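Q: With chain E fixed as given, assemble chains B, L and X with the ligands onto it according to the hints.
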Amino acid sequence: MSAPVRTNPISPDAVDLTTTFAGLSLPHPMMTASGCFAYGQQFAHFMDVSQLAGLSTKGISPAPRMGNPLPRICETASGMINSIGLENVGAEAFLAEKLPYLADLDVSVWVNFFGEDADAYVRCAEMLSAGADRGIDVLEMNISCPNIKKGGIEFGTVPEVAHRLTKRCVEATSLPIVVKLTPNAADVPAMAQAAYEAGAVGVSLINTITAMGIDVRTRKPRVATMYGGLSGPAVKPVALRMVHQIHTKHPDIPICGMGGILSGEDALEFLMAGASCLQVGTANFSEPPAALRVRDELRTLMAELGISNIPEIVGCIGRHDPEPTYAPEASWT
Amino acid sequence: MSAPVRTNPISPDAVDLTTTFAGLSLPHPMMTASGCFAYGQQFAHFMDVSQLAGLSTKGISPAPRMGNPLPRICETASGMINSIGLENVGAEAFLAEKLPYLADLDVSVWVNFFGEDADAYVRCAEMLSAGADRGIDVLEMNISCPNIKKGGIEFGTVPEVAHRLTKRCVEATSLPIVVKLTPNAADVPAMAQAAYEAGAVGVSLINTITAMGIDVRTRKPRVATMYGGLSGPAVKPVALRMVHQIHTKHPDIPICGMGGILSGEDALEFLMAGASCLQVGTANFSEPPAALRVRDELRTLMAELGISNIPEIVGCIGRHDPEPTYAPEASWT
Amino acid sequence: MPPSQFGAQLVDNQALSGGYFTLRFACDAACGAPLSGIEPGQFIMVRGEWGREMLNPRAFSVLDAQADGSFSILIKIYGRGTAALSALRPGGAVTITGPLGRGFSAPADATQLLVAGGVGLPPLHLQAKRAAAAGRPEAVEMFYGGRNADDLVLTEPLDDWGVKTTYATEDGSRGHQGFVTGALEARLEAAKASGEAVEVLACGPTPMLRAVRTMGLAHDVRTLLCLEEEMACGFGVCLGCAVPVRGPKPYKYCCSDGPVFDAREVRWS
Amino acid sequence: MPPSQFGAQLVDNQALSGGYFTLRFACDAACGAPLSGIEPGQFIMVRGEWGREMLNPRAFSVLDAQADGSFSILIKIYGRGTAALSALRPGGAVTITGPLGRGFSAPADATQLLVAGGVGLPPLHLQAKRAAAAGRPEAVEMFYGGRNADDLVLTEPLDDWGVKTTYATEDGSRGHQGFVTGALEARLEAAKASGEAVEVLACGPTPMLRAVRTMGLAHDVRTLLCLEEEMACGFGVCLGCAVPVRGPKPYKYCCSDGPVFDAREVRWS
Ligand SMILES: Cc1cc2nc3c(=O)[nH]c(=O)nc-3n(C[C@H](O)[C@H](O)[C@H](O)COP(=O)(O)OP(=O)(O)OC[C@H]3O[C@@H](n4cnc5c(N)ncnc54)[C@H](O)[C@@H]3O)c2cc1C
Ligand SMILES: Cc1cc2nc3c(=O)[nH]c(=O)nc-3n(C[C@H](O)[C@H](O)[C@H](O)COP(=O)(O)OP(=O)(O)OC[C@H]3O[C@@H](n4cnc5c(N)ncnc54)[C@H](O)[C@@H]3O)c2cc1C
Ligand SMILES: Cc1cc2nc3c(=O)[nH]c(=O)nc-3n(C[C@H](O)[C@H](O)[C@H](O)COP(=O)(O)O)c2cc1C
Ligand SMILES: Cc1cc2nc3c(=O)[nH]c(=O)nc-3n(C[C@H](O)[C@H](O)[C@H](O)COP(=O)(O)O)c2cc1C
Ligand code: FES
Ligand code: FES
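Residue numbers (this note's numbering), protein chains in the order written: chain E, -10 to 322; chain B, -10 to 322; chain L, 10 to 278; chain X, 10 to 278.
Among the clues, some could well be false.
[Stated by the list, open to error] Computed, partial: chain B to chain E, Cβ under 7 Å: (1) P58; (2) S67; (3) I70; (4) I198; (5) T199; (6) G202; (7) I203; (8) R208; (9) A213; (10) P222; (11) P226; (12) V227; (13) E258; (14) M261; (15) G307; (16) H309.
Quick caveat, the hints were computed from the structure, so don't treat them as lab data. Nothing here was measured: the structure is a model prediction, and the numbers come from that model. Just so you know, even glycine gets a beta-carbon here, dropped at the ideal spot from N, CA and C.
If we strip away everything but chain E, and leave its shape as in the complex, we get (with noise of 0.2 Å):
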């Protein structure tokens, strides 16, 4: 077994939770994510909505979007499926309705969006721009939209594809962008590096897994569209393999790291593992503070373990000591 790297313990209040995701200074990395915080207003009878270092807005079409026929969730273990449809209000709604709410917050304002086709994503990614001096400060461009019809699923899949659709996007627009990832790909780190190429500063990554449940009663799919995304603790351990993956394989790319994150100590496995923000999602529905209290954790945890900043253990994963070679006609000692 592996000793606990010592450091001595700090107090709380020298611990510096500030942290930077491609050249954006965050007061430290908790952010919420799309599609569990809404475009925001419900959480302000629950929390200060302005401690959060930022957050994710639900995923934005060029057009308004009416989502999937009932039901859209289920549970499953440590986990839940959704099949909302990206039901959203559509770009021009959101300029006028929704962004006014969020630019007063002072937070970092991720809007993320998605097209139906690749017109599309370039489409939103104009209409967006409006919002560039109105408080958007960030497009988070969702590459992994299971409920697009023809070739919609190449976008997260084939680096390729993904990164003409991301240069077209970053082409159109003042404002950066972060390309999110799905974990449906073969290959992460090579759609990680074709979206960074492509002009990405950044990318975020889990989306959720495509899944299934059962009503062995109805002998239906639990979800109406048949196949879901799962998301929540179950797929945590699969987010921190994509993110150490991207980060040992690509360094430079600025990751957001999320999936299943509940507790400071899911967040500094997920900073460890090569992320430099987070987004806490599924959690908000059970405990709409949820990164706020994972924000206060993470401090209480790094104090605890001697760290004092978070840049000193972004991707810090070492290896674990080789066993004494072993020679199997060695006698014993």
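A: Chains B, L and X with the ligands only, in chain E's frame:
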């Protein structure tokens, strides 16, 4: 909400649990999974092993393998990660020392096997063929060996490569081959098709999902090899989706389903998704006779739901009734 | 009252007939009485200290809420969450989010026919209690159905409040034999004949609500349905609890637009 | 006794100093006394009714087991599982697999120096009890270390049994100040000087076991270490609990070949 499929409950005695997998007649669908049942003997303390429909052995390679350094396992939310490293006694010792016990059990004996390269796969299939008249019923070809060096990953993820490898092994043995698929492939139905067209009698899935855990105190991965394989209830929704995808695209391919099965209801979900026999893996660790409990629960549940036999429900999942169409202008009734 | 999230402890867990339980909770001292102003039909999301295998909280209508911060719910074991709640002992801690959604409003001119089935009782029970407390027990009438007499719980208070009740059981062991909708139909016919103004407020299993909706639409009386949909958040952000509606948008949300919906609005076939 | 899986209920949960708890269980009536023949160092796998978020059972050494089927363990809160056990109330149900592994054998000719730290106490405590019960309390000597006096629990029975004890605490609040290995070193020196035959049996934190191993090898006395590795199954099938060893094979298994290993066999640097 869909109404339950209304059938009258029947007596548990009236439930016929027999099933057929690729021409193999089984008394019920419940087997145990490779790597989670060792070579069987230890389980005799806890259960009547001969009550199983079948079992899959720890993966066998041509020569013995010593396995990975420590730590090899860690727990995650509703799951665990393992990196055992395919430690096994090797084909020769297996045939001499382990097979006789299994042959006496009168259960379907599936020998899980792999090789360090394509030639070793073929060699292993050849060696194990000696067990054809000594109790081996099926060779379960594990094409997802995360720990195999160069090229190994392609066996499990590239359909053409899997096709070639399967074909060679099928030609090398008189035993039926079932190909065990990895969920880490981008297009799992294509992998199933490649294996089937190459002469495999069916497929089994899922193997574990590549995953990672981090010990924030030691700043080390929680398994020594950095990444390991995720199993348990956490992966069930992903496994169900893949079973259903294969069954929908290729209804003729016999499927042995697994991934997080813990209850009779889980088992029924897999059957309804399209599997015709099932394996229980991780659950054996906490509850050695788990597969037999699952069998009993399956019988009780089928009786309650008025399902008298397995073929009736394999792959029976229907779609939800469409909602009445929406016309935005429609006035209220 | 805007929603908040707060802690509470079980005070009392009472097993009733038919597998029902009433659970009474006290709010953490610092929280005051966040549910005291609740409308019948409003609900709370409940999470116990049961780890994260059950990731999301469970929705329950409020059966009653007092000014001292205590409140109660009526449950029946459905799956793991309700089983865990039914086994909770006094002192057991839960986390509550609420009050959530929009409930029924108090009776105005029309007599409110309250139609309840199963765990759909709480909103209508509280509606009856409020009407009685406002000195208008005659403004509501309870129609309450179940499989058998054991299925009908908490009926004594209704008598105490002076609320007129009509019971129906499938096996005839209490009240009319048959579905509660049979009794409702007769009542609606009578109201039509006498020209009496009535409206229908219903909560219960979906098949019951579908029947009530059809009946209400046919009689052209205002019919309000308190719906159940699977929920993850309960406060309008996950968009999981969509209810198909007519009107300018195809869906509304059970948790934030409902759970009470006008029967005419609901887009059911 | 071959292992089996059986149900048990908590009889008694005693909080000790230092954050330790002893939990006493009774086996389900039908099971008899499956642990009564346990060897000190053998262990059980324990699973509570806490759902499947914690998927695998937890390993605990048996502190004591009676002929009536009752048995006890000593725990300290480490993570969720031990926290859940520490909160278990009388009547609470658990599922046990055991007895598992190979333990220590009773003292023969050499005096057994029992070296215990933290939750490594149970095997040695039971070893001492057995020696005393066999009328040979002088065949064992207990060396027991902790951070402070609160860390040393269940010491009174040792006196009752007439077992010689040496305590060491890092802060000197009980016994020698320093690590228990200091006292052991002195004892080994004395044995060497007098030509007395001794052997060492140790269980505790890995750093302690490493020090004991080095010391035992240096003094060339038989040294047995009771190891802890993360376990999924506990009965030799998952191959998760590998222990690197010298000899014909590179690994043995903590659960089935151990948890007691000869210090010379263990391949530690
Ligand atoms: C607005 C509202 C009010 C409710 N009021 C009550 C009440 O007063 N008393 C009562 O006993 N029950 C009530 N329910 C239903 C209650 O929420 C479910 O019975 C409960 O969630 C089942 O959880 P479980 O863990 O026992 O079942 P499981 O089957 O383990 O639950 C699995 C998942 O299904 C969801 N679910 C299962 N059944 C329902 C359902 N009928 N409606 C919504 N979600 C469901 C759960 O939330 C969970 O996500 C209400 C539901 C809603 C939406
Ligand atoms: C043979 C043996 C005997 C033991 N005897 C005792 C005893 O008598 N009293 C006692 O308090 N503890 C004992 N332990 C350690 C005990 O098993 C762990 O403290 C416990 O598993 C931690 O579980 P958790 O849920 O509290 O911690 P978590 O951190 O939530 O556990 C996470 C995972 O780590 C594993 N794990 C964590 N720590 C250890 C450890 N030190 N050794 C092995 N697995 C670990 C758990 O099994 C689980 O899989 C023993 C361990 C072994 C192997
Ligand atoms: C109900 C729901 C809706 C979501 N909608 C979106 C979306 O619109 N766009 C997007 O990029 N991700 C969406 N996601 C994915 C989350 O942003 C996040 O990537 C994923 O849930 C993993 O994080 P978590 O485990 O913390 O939830 C959604 C997730 C959920 C559960
Ligand atoms: C400890 C462990 C060892 C395993 N070893 C093998 C193996 O040797 N060969 C193989 O094909 N699958 C192996 N598996 C995968 C299982 O057979 C099974 O596919 C997977 O665990 C999913 O099922 P489960 O969730 O029921 O465990 C192993 C799984 C575990 C947990
Ligand atoms: S339950 Fe989340 S929007 Fe209604
Ligand atoms: S714990 Fe499974 S082999 Fe030891």
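Q: Against each hint, give a clear statement of whether it holds in the structure.
A: Here is what the structure says about each hint:
1. Look at P58 (chain B): its Cβ gets to within about 5 Å of chain E, closer than 7 Å, so that hint holds up.
2. For S67 (chain B), the shortest C-beta to C-beta distance to chain E is roughly 4 Å, which falls under 7 Å, so the interface hint holds.
3. The beta carbon of I70 (chain B) is positioned within 7 Å of a beta carbon in chain E (closest approach about 6 Å), and the interface hint is therefore held.
4. At a threshold of 7 Å, the smallest CB-CB gap from I198 (chain B) to chain E is about 6 Å, leaving the interface hint in force.
5. Given the 7 Å rule on beta carbons, the hint for T199 (chain B) holds: about 6 Å separates it from the nearest Cβ of chain E.
6. With a cut of 7 Å, the hint placing G202 (chain B) at the interface with chain E holds, because the nearest CB-to-CB distance is about 6 Å.
7. With a cut of 7 Å, the hint placing I203 (chain B) at the interface with chain E holds, because the nearest CB-to-CB distance is about 4 Å.
8. Residue-level restraint check for R208 (chain B) holds (minimum Cβ-Cβ distance to chain E is 5 Å; threshold 7 Å).
9. The beta carbon of A213 (chain B) comes within 5 Å of a beta carbon in chain E, closer than 7 Å, and the hint placing it at the interface holds.
10. For P222 (chain B), the interface hint holds, the least distance from its beta-carbon to any beta-carbon of chain E being 4 Å, beneath 7 Å.
11. The beta carbon of P226 (chain B) comes within 3 Å of a beta carbon in chain E, closer than 7 Å, and the hint placing it at the interface holds.
12. A distance limit of 7 Å between C-beta atoms decides the matter here; for V227 (chain B) the minimum to chain E is near 5 Å, and the interface restraint holds.
13. This hint holds: E258 (chain B) has a C-beta 4 Å from the nearest C-beta of chain E, less than the 7 Å allowed.
14. Below 7 Å, beta-carbon pairs count as interface contacts, and M261 (chain B) has one with chain E at about 5 Å; its hint therefore holds.
15. Proximity of G307 (chain B) to chain E holds as hinted, the smallest CB-CB distance being about 6 Å (cut-off 7 Å).
16. Interface restraint check: H309 (chain B) against chain E, minimum CB-CB distance 5 Å, threshold 7 Å, status holds.
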